[in-house]
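Novice: Below, each chain spelled out in residue letters.
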Amino acid sequence: MAAQHDAVPLLGVRGLTKIFGSLTACDHIDLTIAKGEVHALLGENGAGKSTLVKMLFGSLEPHSGDILWNGEPVRITSPGVAKTLGIGMVFQHFSLFEALTAAENIALSLDDGSPISTIAAKARALSYSYGLPLDPDSLVGDLSVGERQRIEIIRCLLQTPQLIILDEPTSVLTPQEANRLFETLERLRSEGKSILYISHRLEEVKRLCDRATVLRHGKVVGHCNPREETASSLARMMVGNEVKAVVREPAEGVETAAVLLEIRKLSRKPATPFSVPLKDIDLDVRAGEVIGIAGVAGNGQGEFFEAISGEVQQPDAASVRIRGKDAGKLSITGRRLLGAAFVPEERLGHGAAPGMKLSENLLLSRHATDARSFLGSGGTIKSAVISGAAQRIIQAMDVRKSAPDPEAASLSGGNLQKFIVGRELDRKPTVMVVNQPTWGVDAGAAAHIRQALIELARSGSAVLVISQDLDELFEISDAIAVMHHGQLSKPLPIAEADFETIGLLMGGAEPGRTEHPLEPA
Amino acid sequence: MRLELIKRPQRSALFSILSPFIAFVLTLVAGSIMFALLGVNPVSALHAYFVEPLSQVWQLHELAIKAAPLILIAVGLSVCYRANIWNIGAEGQFIMGGIVGSILPVTYPEFQNAFVLPLMLLMGMVGGAAYAAIPAFLKARFNTNEILTSLMLVYVAQLLLDWIVRGPWRDPKGFNFPQTVQFSDAATLPELWPQSGRANWGFVFALVAAVLVWLMMSRMLKGFEVRVLGSSPRAGRFAGFSVGRMVFFAFMLSGALAGLAGISEVSGAINQLLPSISPGYGFTAIIVAFLGRLNPLGIVAAGLVLGLTYLGGESAQAALGLSDKVARVFQGMLLFFVLGCDTLIHYRIRLVGMTTPKLEPASKLEEVH
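Chains B and A supply the protein sequences, listed in that same order.
Just so we're aligned: the first sequence equals residues 1 to 521 in the numbering used here.
Just so we're aligned: the second sequence equals residues 1 to 369 in the numbering used here.
It is worth saying that the hints were derived from the structure and are not from the lab.
Each residue gets a CB set at the ideal place from its N, CA and C atoms; glycine is no exception.
Keep in mind that a hint or two might mislead.
The following residues of chain A were derived to be distant from chain B, with all beta-carbon distances above 12 Å [unchecked claim]:
(1) 110
(2) 204
(3) 218
In silico BS3-like links for lysine-lysine, alpha-carbon gap of 25 Å or less [as the list claims (entries may be wrong)]:
(4) 329(B) / 265(B)
(5) 357(B) / 428(B)
(6) 222(A) / 357(B)
(7) 428(B) / 244(B)
(8) 329(B) / 428(B)
(9) 7(A) / 401(B)
(10) 219(B) / 357(B)
(11) 279(B) / 269(B)
(12) 269(B) / 325(B)
(13) 279(B) / 244(B)
(14) 428(B) / 382(B)
(15) 279(B) / 490(B)
(16) 7(A) / 357(B)
(17) 222(A) / 382(B)
(18) 329(B) / 357(B)
(19) 7(A) / 329(B)
(20) 54(B) / 222(A)
(21) 54(B) / 325(B)
Input sequences plus hints: build the corresponding full structure.
Specialist: Shown next, in the form of structure tokens:
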């Protein structure tokens, strides 16, 4: 397909291979991008997208294979080389200094010694001409995630690249912000710039991209025109087989069911200068229902989770009530003993200790609740019982692993997440609080986890899911509330919710509440 | 050119086990070079250093006397280091254990019965633990760096001991020598087999402590807590373990063991307080802890090896006229090589040329076509 283009393609990749130890992250990748083309790079987590992009941007050196730039073979040995060639990149995780202004952050990466005021003027002009308004003098710490992404994009555009690589750009945006980004990208395409667009959101790719390359397990499984494919045919290419759809039967009689998790006027002062304060959060989660909390990353979800889980305790004992008992002053262990279970956002280093075996990681969160079966007299550990329980969870959740009881860090993200969720489900908790249940998890595992959460709720537990993935929340929730600047909107029953309304709430336009002290005017 | 450490994707299990032995061999090689430079035949020097001190039974007793405090202290330190808490002040906790444990025999020398020795040992442990609680409190409350505070408190303890034996506790019948009264028999830690040598019950304490701490670390929830908080504190908090409480636990456990070592040394080997009661056991124990791979059973073996460096230093001084500072040099080299070997198990070295980023035509790649 690549060779059919008449003109010399802007970028050609032939047989690019990268090996890490025993893992072939990229295996003879072929790819061409024409001038003025928006090219999608699709693949599940761990398919090799990031490795490929890092080789194109000079952060990693390939083992073998060629990169052709305007038909000429080149070696991209560092990001500096990539920039000189005309390759720019906008990373998924921003590298910005919060205490500096937008213009200062841009100046740091330009490294050409021109005064800040010149850069600020250029950045302002460029940002308005591309419809991404940005005040170069504002402090990054005060900006929303969407605005921070604009800085990254402007910083990239100031280097007048011919190829722009965008890594999961919409994962941190509200639907409205994403729309604005697409307009900018279409404008760039009309100017003849090429874009390599990495995403796992198939609808976006269908809408925006001219061609797509699909990766699976480090290999190219196909090139296609996404506009001619359906979302499910693209998903099949990515996953390799049909993903089971999540089944959610409407919850019945929930309105009258007992409130198992009750949050009343929960407030929290910011722990660090850049963390988000929580303001008067009220929420009820009843037996049998799944409540979703949407919101753009960094709007207080992490702080909220810490306060609910008891990793940080509240001065007001009644601000968190579990099964009708005041739990605000209880530690995480005390709250677990009341029947609550928690799954944090970070898997390695928070939900699991990376260097420890799965059986030890089972003990990690359940040493108090299952003390009777896991611990002997005087606090001795009953390894055999715990290993048995770990095997039970591994089977129930279909955790794929290389050894009988491997270290947590050796599992792929999806399999470890299945284990961590399964570890809590195995207890049959009355209240389950999950932060980003399927972040970075492949589609098959994500469907499994979502189904398990729905089933837990239907069996009579209260489930609270915090997620940035709106598709996920619409798939599993009975009602969705939105967190913005540390405040929580009223939960909207799923029947009344749509992307538009939730998106507006995520952007801060909540009906009835107008004060937004942190929002720049 | 510059050196870079690159993390290895996998670490070799074989070399993890071999590492202390490789370090020991490298120490011997480097030691031979040092002896040769000093103008001594390296073979006879190493013989005098490592073989002669083990040739007679009474010398094995001496080895037990030297190894006992090293093992006791290092076992406690291993718990601290596993918890990622850096107690460098075991020397001070050792001295405080010696001082507090000596309160009874020095101030009430007439109090002589079966209770006096257990009480002394207990007070020694309390003294060491209480002294270790100071850096623990400062870290938990004010987030101070425990490396600095615990180290500085060593000098406080050394000077306190110096003052106390020259001042209030000086033996009135001691001809003005800076020393306390000799302890009564009831206050003396008994020898194990008096027929063959001087080794006392301190060595048994060390072995019992090593086994108990090993059981705790490998079989009990408390040991699990130590390992989780040490390797990933955030996961430890999620498990419901408290970092602050762990700081106190680890410091006070290692302080108590160092204190027990201190009072055992004073009551058993020295039998009185002197201006200096330790040839740096508290610092050498840090090497013992790492040479034993922070495993209490490995620490028993490592304690014997380091105990030997003390004896070898004395022996080399007698036989070859070398300075007893040679022992310190050996200990330093051993720690250096142990840490070096451990680092190279996790990382490999890469030489990086200082190239400036520039466009290179891919000449090599073109040849492939």
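Novice: Going through the numbered hints above, which ones does this structure break? Give me the numbers in ascending order.
Specialist: 3, 10, 13, 18, 19, 20 and 21
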